[in-house]
Amino acid sequence: MNLPLLSFLTWLPVLGGVLVMLVGDSRASLARWLALAVALAAFAASIPLYTGFDASSFALQFVERLPWLPGVHSQYHLGIDGISLPLILLTTFSTVLVIIAGWTVIEKRPSQYFAAFLIMEGLMIGVFSAADALLFYVFWEAMLIPMFLIIGIWGGARRIYATIKFFLYTFLGSVFMLVALIYMYLKAGSYDLASLYALPLRHNEQILIFLAFFAAFAVKVPMVPVHTWLPDAHVEAPTGGSVILAAIMLKMGGYGFLRFSLPITPDAAHSLDMLVISLSLAAVVYIGLVALVQQDMKKLIAYSSIAHMGFVTLGCFVGYEIVASTGHFDGVTLALTGAMVQMISHGLIAGALFLCVGVLYDRLHTREISAYGGVINTMPIFGAFMVLFAMSNAGLPGTSGFVGEFLVILASFKASFWFAFLAASTLILGAAYTLWMVKRVVFGAVANPGVASLKDLNGREALVLGVLAVVVLALGLYPKPLTDVMEPTLRHLAQLMSVSKL
Amino acid sequence: MNPTLANSLALAAPEMLLLLATSVVLIVDLFLSDRQRQVTYLLSIATLAATAVLVAGLPEGRHVGFNGMFVVDGVARFIKLIACGTVAAVFLYSRDYLIQRGLFRGEYFVLALFATLGLFVMVSSGSLLMMYMGIEVLALSQYALVAFDRDSPVAAEAAMKYFVLGAIASGALLYGISILYGVTGTFELAALAERVNAGAATNIGLLFGLAFVLAGIAFKFGAVPFHMWIPDVYHGAPTSVTMFLSAAPKLAYFALALRVLTEGLGGAVGAWQDMLIVLSVLSIGVGNVVAVAQTNLKRMLAYSTISNVGFILLGLLAGTSFGYRAALFYTVSYVIMALGSFAMIVLLSRKGFEADRIEDFRGLAQSQPWFAWMMLFLMVSTAGVPPFIGFFSKLYVIQAVLDVGLSWLAVVAVLFSVVGAFYYLRIIKVMFFEPPADEVTVTAGPALKFLLSLNALAVLALGLFNGALVDAIARAMP
Chain A
11 MNLPLLSFLT WLPVLGGVLV MLVGDSRASL ARWLALAVAL AAFAASIPLY
61 TGFDASSFAL QFVERLPWLP GVHSQYHLGI DGISLPLILL TTFSTVLVII
111 AGWTVIEKRP SQYFAAFLIM EGLMIGVFSA ADALLFYVFW EAMLIPMFLI
161 IGIWGGARRI YATIKFFLYT FLGSVFMLVA LIYMYLKAGS YDLASLYALP
211 LRHNEQILIF LAFFAAFAVK VPMVPVHTWL PDAHVEAPTG GSVILAAIML
261 KMGGYGFLRF SLPITPDAAH SLDMLVISLS LAAVVYIGLV ALVQQDMKKL
311 IAYSSIAHMG FVTLGCFVGY EIVASTGHFD GVTLALTGAM VQMISHGLIA
361 GALFLCVGVL YDRLHTREIS AYGGVINTMP IFGAFMVLFA MSNAGLPGTS
411 GFVGEFLVIL ASFKASFWFA FLAASTLILG AAYTLWMVKR VVFGAVANPG
461 VASLKDLNGR EALVLGVLAV VVLALGLYPK PLTDVMEPTL RHLAQLMSVS
511 KL
Chain B
395 MNPTLANSLA LAAPEMLLLL ATSVVLIVDL FLSDRQRQVT YLLSIATLAA
445 TAVLVAGLPE GRHVGFNGMF VVDGVARFIK LIACGTVAAV FLYSRDYLIQ
495 RGLFRGEYFV LALFATLGLF VMVSSGSLLM MYMGIEVLAL SQYALVAFDR
545 DSPVAAEAAM KYFVLGAIAS GALLYGISIL YGVTGTFELA ALAERVNAGA
595 ATNIGLLFGL AFVLAGIAFK FGAVPFHMWI PDVYHGAPTS VTMFLSAAPK
645 LAYFALALRV LTEGLGGAVG AWQDMLIVLS VLSIGVGNVV AVAQTNLKRM
695 LAYSTISNVG FILLGLLAGT SFGYRAALFY TVSYVIMALG SFAMIVLLSR
745 KGFEADRIED FRGLAQSQPW FAWMMLFLMV STAGVPPFIG FFSKLYVIQA
795 VLDVGLSWLA VVAVLFSVVG AFYYLRIIKV MFFEPPADEV TVTAGPALKF
845 LLSLNALAVL ALGLFNGALV DAIARAMP
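Those sequence lines, one after another, are chains A and B.
Start counting the first sequence at 11; every next residue gets the next number (this note's numbering).
Start counting the second sequence at 395; every next residue gets the next number (this note's numbering).
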C-alpha cells in the first residue's frame with residue numbers, strides 16, 4: 011500500500027478545520043455538517059491502518075519519508091507501530107464523538123469550535139505518527155495553540171487563568187525536551203528516531219536527557235507534583251475540551267515515555283525508575299484520596315484521571331524492578347501492555363464520564379455534586395450509562411478499566427509486593443470516590459426542583475454514550491484485538507529498555 | 395587582485411543609484427503639491443525596486459573595491475535585497491497611516507531612503523571608517539524620522555533622547571575604533587584581522603578598544619544594558635517610524651556586528667564571546683521580564699525587540715559559521731515578524747486613535763476575525779511556538795549555542811522564552827477571550843490588508859518550509 015495514509019490523516023482534519031472556519035458562524039449548520047464529515051472521513055481513513063497493519067512486526071509501518079529541513083537533517087518521516095496505532099484510532103474515534111457532543115450545545119462561535127477540534131485532531135495524529143524527533147516536537151507544541159483557544163474561548167468562569175496555566179506549564183516542560191533533542195541531534199547528526207535509539211550516551215548525559223524528557227512528559231501525563239494545571243484546565247474547559255484533554259492529550263505523556271525516555275535513555279531510566287514509580291504510586295494513593303473530597307464532578311474526574319495515569323507511568327517503569335527481582339523479561343512486556351491498555355481504556359472512560367457531566371451541566375449549568383441527587387428518577391437511561399462508566403472507572407471486571415489495572419498490578423507483583431499493594435489500593439479508592447459520587451448524583455430521592463425538571467438523554471447524547479459503552483464493554487470482555495497489535499512492539503521496546511547504551 | 399576604479403564603481407552601483415534617485419526624489423518633491431504627493435511615494439518605491447534589481451545583478455562571490463574600503467559578498471547582497479524589500483513594505487504599510495495624520499510628506503520617504511543608503515554602506519564596508527560613515531548616515535536619518543511628527547511632544551522628546559544617547563554611543567564606537575587603529579595601525583578589516591591573528595589578540599589595548607566598539611554595537615542593537623532608549627523611542631515615534639526602526643536597521647546592525655567581530659576581530663573571539671554572553675543573557679532576561687509589565691503594545695514590542703536581540707547575539711557569540719547563519723536567519727525572521735506586528739497596530743489605528751494599547755485589541759476575534767488570526771500567528775511565532783518561523787529561528791540559535799558546549803546558556807534562553815510566551819499569550823487572550831470594547835473600524839486600504847495577510851501567512855509558510863531560506867543564507871554565508 012503506497013497511499014500516504016498517515017499524511018492524509020494528519021492534514022485532512024487540519025485543512026478541513028481551516029475550511030470549517032472559513033465557512034463561518036453565519037452558516038453554522040453547514041459548518042457543523044462539514045466538521046462531522048471531515049471527522050468521519052478521518053475516522054474512516056484510520057480503519058485501513060488497523061486492517062492493513064502487520065501485527066507480527068515491531069517495525070514502523072505505513073512509512074512516509076520526504077526531505078523537510080535538510081539544513082538540520084530533519085525529515086518529514088511518518089510511520090506507526092503497535093504503540094501509536096491504538097492511540098491514533100482513539101484520536102479519530104474521540105474526535106467524532108466530541109463533534110457530535112458539541113452539536114447544538116456550542117452557541118458561541120461554533121464554526122471556530124469545530125475547527126479547533128479538527129485542527130487538534132490532525133496535530134495529535136501527527137504527534138503519534140512522527141518518526142522524526144523535530145517533526146514530533148513541532149506537532150507536540152503546535153497542539154497547544156488550539157487547546158489554549160478551546161479552553162480560553164469556550165471555557166467556564168476561570169477559563170483565562172486555567173488556559174494560561176495550562177499553556178505555560180506544558181510549554182515550560184517542553185522546552186527542556188527541545189534542548190535535549192537538539193543536544194542529541196548534534197551528537198547523532200540526525201533527528202530520526204531510529205538514529206537517536208542507536209546513539210550511545212554516557213550515563214550522566216542520559217540522566218540529564220532523561221530529566222529533560224521527564225519535565226515534558228510528566229507535566230503532560232500529569233504526574234504528582236506537576237499535576238496542578240489539570241484540575242484547573244479540566245474544570246474550566248468546555249465538555250469537548252475536557253474529553254480531548256483526558257482521552258488523548260494526557261496519553262501523550264505516556265506515549266512520550268514509551269517512545270522517547272525508555273528507548274533513548276534506558277540506563278538513566280533504570281537508575282531513576284524508583285523516582286517515577288514512587289511518584290506514580292503517590293498519584294494512585296494520594297490523588298485518590300484528594301479525589302474523594304471533591305465537590306465538583308469535573309474536578310473529581312480530573313483527579314481520578316491523574317490517579318489512573320499513575321498506572322500508566324507505573325507500568326512503563328516498573329519493568330526495571332521486575333528484572334531486578336525476577337531476573338527475566340516476561341513481566342516487562344506485561345507491564346508495558348498494562349500501561350498501554352490503561353491509556354486506551356482511560357481515554358474512553360474518562361471521556362465518557364466527562365460527557366456525562368457535560369450532559370448534566372448542559373441542563374442545570376452546575377457541576378456541583380450537591381446540586382444533584384436522584385437523577386435516575388428523571389433520567390433513567392442517562393443514569394444507567396453513568397453507572398456503567400463509573401463502574402468501569404472503578405475497575406469493574408468485564409469493562410476495559412479492569413484490564414489495564416489488572417495487568418499493571420499483576421506485573422507490579424513480580425517486582426515487589428508493596429508496589430502491588432499500593433497500586434491495588436486504587437480498587438478501593440477508585441471505587442470509593444467514583445461510586446460515592448454516583449450515589450450522591452444519580453441515586454437517592456429527587457433532591458430539588460431542578461433535578462425534577464430534567465429531561466432524559468436526547469438521541470444525539472444517547473448515541474455518543476452508547477457507542478462509548480459498547481467499546482468499553484467490548485475491550486473489557488475481549489481485549490485481544492488491542493493487545494495483539496501492541497505485543498511485538500512492546501516486546502521490542504522491552505528489549506530496547508534492557509540494552510545498555512553506555 | 396587590484397581592481398580598477400571602474401570595477402569599484404560597478405560594485406557600488408546600487409549605492410550610487412540609491413543616492414542619485416533619493417536626491418531626485420528630494421528635489422521632485424519640492425515641486426509637488428500635497429495632492430500630488432503620491433508621486434513621491436511611487437518614486438520612492440520605484441527607487442527601491444531599481445536598487446534591488448542592481449543588487450541582484452552584482453557579481454557572485456566576494457569582491458573588494460576602493461582599495462579595500464568596500465566589500466561586496468554574499469552577505470552584503472542578501473542583506474541589501476532583504477533591506478530593499480523591508481523598506482518597501484514599510485512604505486506600503488505607512489501610506490494610509492501617514493495620510494490620515496497629515497504626515498504624508500516627502501521628508502518621510504527621503505529620510506527613510508537615506509537611512510537605507512546608510513544601511514547599504516554599513517553592510518558593504520571593508521573598513522572601520524566606512525562603517526562609521528554608514529552608521530552615522532543611518533543614525534542621523536533615524537533621529538530625524540523619530541522627530542518627523544513635529545507637533546507631537548512625545549515624538550520630540552523621544553528624538554531628543556535618541557539623539558543624545560545615540561551620540562554618546564557613536565562617540566564610544568569612534569573612540570574604540572581609534573584605539574583599535576592605535577594598536578594595529580589600520581582601519582581595514584582584512585588588515586586588522588591579520589594583525590589580530592599575528593598576536594595582537596592578547597594586547598590589552600586592543601581589548602580595551604574592542605570593549606568600546608562592542609558597547610557601541612550593543613547600543614545600536616539595543617542590547618541590555620544599553621537598551622534604555624528603545625522603549626521610549628519606540629513608544630514616542632509615530633507607528634510607521636517605529637515600524638521602520640524595528641525592522642530594517644536590525645539587518646544593518648547584524649552586518650555591523652558580523653563584519654567587526656568576525657571579519658576584523660575574529661582572532662579575538664575568546665574576548666568578545668564572554669562579553670556577548672553577558673549582553674545576550676541580560677537582554678533575553680530583562681527584555682522578557684520587563685515586557686510582562688507593559689500595557690502599551692509598542693512598549694511591549696520594544697522590550698520584545700530587546701529580548702530578540704539577545705537571541706541574535708546568541709547566534710553570533712557561538713563563533714561558528716552555523717551560528718552566524720542562525721543569527722542571520724533569526725534577524726530576517728524577526729524583521730518579518732516585527733513588520734507584521736507593527737502593521738497590525740497601523741491597521742487598527744485611525745486618526746485620533748493609535749491602537750497602541752493592549753486593550754485596544756480587545757475582542758478583535760469577534761470584530762475582525764481574520765486579522766485576529768493574523769495577529770495570533772505573529773504573536774505565537776514571536777513567542778517561539780512551532781510550526782511558525784519564530785520557533786525555527788530559536789531552534790537554530792539554540793543549536794548553535796549547544797554546539798559550542800554552552801548548554802547552560804541554551805537552558806537560560808529557553809526558560810526566559812517561556813516567560814516571554816506569557817505576554818504574547820496575553821495579546822491573544824485580549825483578542826480572543828474578551829468581548830469587544832467598542833466598535834473597531836478599520837479604515838486601512840486593501841493594499842495594507844493584503845500585504846499584512848501575506849506577511850502573517852509568510853510567518854506560517856516560512857516556518858513549515860524554511861529550507862529555501864536556510865539555503866539562501868547558506869549560499870550567502872558559505
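The hints are simulated quantities; they were obtained by calculation from the structure and are not laboratory data.
Be aware that a few hints might be false.
Straight line, CA to CA, 25 Å or less: simulated DMTMM-like cross-link-like pairs of lysine to aspartate or glutamate [as the list claims (entries may be wrong)]:
(1) B:Lys555 to B:Glu454
(2) A:Lys449 to A:Glu378
(3) B:Lys745 to B:Glu454
(4) A:Lys118 to A:Glu378
(5) A:Lys175 to B:Asp832
(6) B:Lys745 to B:Glu501
(7) A:Lys490 to A:Glu215
(8) A:Lys197 to B:Asp797
(9) A:Lys511 to A:Asp340
(10) A:Lys118 to B:Asp754
(11) A:Lys118 to B:Glu501
(12) A:Lys309 to A:Glu378
(13) A:Lys511 to A:Asp64
(14) B:Lys555 to B:Glu748
(15) A:Lys118 to B:Asp865
(16) A:Lys175 to A:Asp35
(17) A:Lys175 to B:Asp797
(18) A:Lys197 to B:Asp545
(19) A:Lys118 to A:Asp277
(20) A:Lys175 to B:Glu753
(21) B:Lys843 to B:Asp865
(22) B:Lys843 to A:Asp372
(23) A:Lys309 to A:Glu215
(24) A:Lys490 to A:Asp466
(25) A:Lys118 to B:Glu828
(26) A:Lys511 to B:Asp832
(27) A:Lys511 to A:Asp306
(28) B:Lys555 to B:Asp668
(29) A:Lys309 to A:Asp466
(30) A:Lys449 to A:Glu497
(31) B:Lys745 to B:Glu551
(32) B:Lys555 to B:Asp423
(33) A:Lys197 to A:Asp277
Here is what the structure says about each hint:
no.	hint	result
1	B:Lys555 to B:Glu454	violated (42 Å)
2	A:Lys449 to A:Glu378	holds (14 Å)
3	B:Lys745 to B:Glu454	violated (47 Å)
4	A:Lys118 to A:Glu378	holds (24 Å)
5	A:Lys175 to B:Asp832	violated (29 Å)
6	B:Lys745 to B:Glu501	holds (20 Å)
7	A:Lys490 to A:Glu215	violated (39 Å)
8	A:Lys197 to B:Asp797	holds (9 Å)
9	A:Lys511 to A:Asp340	holds (21 Å)
10	A:Lys118 to B:Asp754	holds (22 Å)
11	A:Lys118 to B:Glu501	violated (49 Å)
12	A:Lys309 to A:Glu378	holds (10 Å)
13	A:Lys511 to A:Asp64	violated (29 Å)
14	B:Lys555 to B:Glu748	holds (22 Å)
15	A:Lys118 to B:Asp865	violated (45 Å)
16	A:Lys175 to A:Asp35	violated (29 Å)
17	A:Lys175 to B:Asp797	violated (32 Å)
18	A:Lys197 to B:Asp545	violated (59 Å)
19	A:Lys118 to A:Asp277	violated (51 Å)
20	A:Lys175 to B:Glu753	holds (21 Å)
21	B:Lys843 to B:Asp865	violated (30 Å)
22	B:Lys843 to A:Asp372	violated (40 Å)
23	A:Lys309 to A:Glu215	violated (39 Å)
24	A:Lys490 to A:Asp466	violated (35 Å)
25	A:Lys118 to B:Glu828	holds (13 Å)
26	A:Lys511 to B:Asp832	violated (62 Å)
27	A:Lys511 to A:Asp306	violated (47 Å)
28	B:Lys555 to B:Asp668	violated (29 Å)
29	A:Lys309 to A:Asp466	holds (24 Å)
30	A:Lys449 to A:Glu497	violated (39 Å)
31	B:Lys745 to B:Glu551	holds (21 Å)
32	B:Lys555 to B:Asp423	violated (29 Å)
33	A:Lys197 to A:Asp277	holds (18 Å)
Hints 1, 3, 5, 7, 11, 13, 15, 16, 17, 18, 19, 21, 22, 23, 24, 26, 27, 28, 30 and 32 from the list above are not met by this structure, while the remaining hints are.
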